[in-house]
Amino acid sequence: GENVEQHPSTLSVQEGDSAVIKCTYSDSASNYFPWYKQELGKGPQLIIDIRSNVGEKKDQRIAVTLNKTAKHFSLHITETQPEDSAVYFCAGENYGGSQGNLIFGKGTKLSVKP
Amino acid sequence: GAGVSQSPSNKVTEKGKDVELRCDPISGHTALYWYRQSLGQGLEFLIYFQGNSAPDKSGLPSDRFSAERTGGSVSTLTIQRTQQEDSAVYLCASSRPLGEQFFGPGTRLTVL
Numbered sequence: 010g011e012n013v014e015q016h017p018s019t020l021s022v023q024e025g026d027s028a029v030i031k032c033t034y035s036d037s038a039s040n041y042f043p044w045y046k047q048e049l050g051k052g053p054q055l056i057i058d059i060r061s062n063v064g065e066k067k068d069q070r071i072a073v074t075l076n077k078t079a080k081h082f083s084l085h086i087t088e089t090q091p092e093d094s095a096v097y098f099c100a101g102e103n104y105g106g107s108q109g110n111l112i113f114g115k116g117t118k119l120s121v122k123p
Numbered sequence: 010g011a012g013v014s015q016s017p018s019n020k021v022t023e024k025g026k027d028v029e030l031r032c033d034p035i036s037g038h039t040a041l042y043w044y045r046q047s048l049g050q051g052l053e054f055l056i057y058f059q060g061n062s063a064p065d066k067s068g069l070p071s072d073r074f075s076a077e078r079t080g081g082s083v084s085t086l087t088i089q090r091t092q093q094e095d096s097a098v099y100l101c102a103s104s105r106p107l108g109e110q111f112f113g114p115g116t117r118l119t120v121l
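So the sequence lines, in the order shown, correspond to chains Z and H. Just so you know, the first sequence maps onto residues 10 to 123 in my numbering. Just so you know, the second sequence maps onto residues 10 to 121 in my numbering.
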């Protein structure tokens, strides 16, 4: 089954700066890597995902990069704003293991200081 | 609504009581998941249902925890003889066999 490691566990940036969160995964068969944002008091929500047939995907201020050779993927947030403050989870597709179709990282608490 | 719903949103109970938490998944989603999230922590997997297959219970922390999914739709997570360490947010998610999991808003359980 898949194993996903996420770093850092906490990240503090100044408004307007960029933030980068990194994840590694273990199963080379994994092809789908979503990122979730969890705001205080809410359930996680998908913000962007990437499949292994592309190396980068962008959606306005957020982007995700994937390196299948090194088995790592990253979330990049540019021009951060206070409303970007949340916990971010990465996940990797889980083939044949227990716990369902996705394995989640342990989360990164991002704080954007105005 | 089209999303995953959970009830109640908040539950306060006394130590030793049983509680039932409910999850209504997105219609047509064959997979349903329960996670536990303690304050400031990550997503702790509890149990996973996929179609008519036997559920994956590998994450249940003790035999006080159980879950069922009736008719391939609504799921109930039951915690018997609650303990203070059971206090957490319980999240439900549903999905198709592959791809994105859609999360509900969670139930915040407080055991006094």
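Hint data in this document are derived by calculation from the structure and do not stem from the laboratory. Watch out, some of these pointers could steer you wrong.
[Stated by the list, open to error] Derived DSSO-like pairs: lysine-lysine, alpha-carbon spacing no greater than 30 Å straight-line:
| no. | chain 1 | residue 1 | chain 2 | residue 2 |
| --- | --- | --- | --- | --- |
| 1 | H | Lys20 | Z | Lys31 |
| 2 | Z | Lys118 | Z | Lys66 |
| 3 | Z | Lys31 | Z | Lys115 |
| 4 | H | Lys66 | Z | Lys51 |
| 5 | Z | Lys46 | H | Lys26 |
| 6 | Z | Lys80 | H | Lys20 |
| 7 | Z | Lys115 | Z | Lys46 |
| 8 | Z | Lys46 | H | Lys66 |
| 9 | Z | Lys77 | Z | Lys122 |
| 10 | H | Lys26 | Z | Lys77 |
| 11 | H | Lys66 | Z | Lys80 |
| 12 | H | Lys66 | H | Lys20 |
| 13 | Z | Lys31 | Z | Lys118 |
Owing to the predicted nature of the structure, the values given are computational and were not obtained by experimental measurement.
Verification of the hints:
1. In summary, the hint linking Lys20 of chain H to Lys31 of chain Z is not supported, as the alpha carbons are separated by about 35 Å, beyond the 30 Å threshold.
2. The suggested pairing of Lys118 of chain Z with Lys66 of chain Z holds, with an alpha-carbon distance near 22 Å, which does not exceed 30 Å.
3. Distance restraint check for Lys31 of chain Z and Lys115 of chain Z: the Cα-Cα separation of roughly 12 Å lies within the 30 Å cut-off, and the hinted pair is therefore satisfied.
4. A distance of roughly 25 Å separates the Cα atoms of Lys66 of chain H and Lys51 of chain Z; the hinted pair therefore holds under the 30 Å criterion.
5. A C-alpha spacing of about 33 Å is found between Lys46 of chain Z and Lys26 of chain H, which places the hinted pair above 30 Å, so the restraint is violated.
6. For the proposed pair Lys80 of chain Z and Lys20 of chain H, the alpha carbon gap of about 41 Å is over 30 Å, so the pair is violated.
7. At roughly 12 Å between alpha-carbon atoms, Lys115 of chain Z and Lys46 of chain Z fall within 30 Å of each other, so this suggested pair holds.
8. A hinted pair counts as satisfied when its Cα atoms are at most 30 Å apart, and Lys46 of chain Z with Lys66 of chain H qualifies at roughly 26 Å.
9. Of the supplied pair hints, the one linking Lys77 of chain Z and Lys122 of chain Z is violated, its CA atoms being roughly 33 Å apart against a limit of 30 Å.
10. Note on Lys26 of chain H and Lys77 of chain Z: the hinted pairing is violated, with a Cα-Cα distance of about 49 Å set against a maximum of 30 Å.
11. Distance check on the hinted pair: Lys66 of chain H and Lys80 of chain Z sit about 29 Å apart at the alpha-carbon level, within 30 Å; holds.
12. Note on Lys66 of chain H and Lys20 of chain H: the hinted pairing holds, with a Cα-Cα distance of about 23 Å set against a maximum of 30 Å.
13. Among the hinted pairs, Lys31 of chain Z with Lys118 of chain Z is consistent with the structure: their alpha-carbon atoms are about 13 Å apart, no more than 30 Å.
Hint compliance for this structure: hints 1, 5, 6, 9, 10 are not met, and every other hint is.
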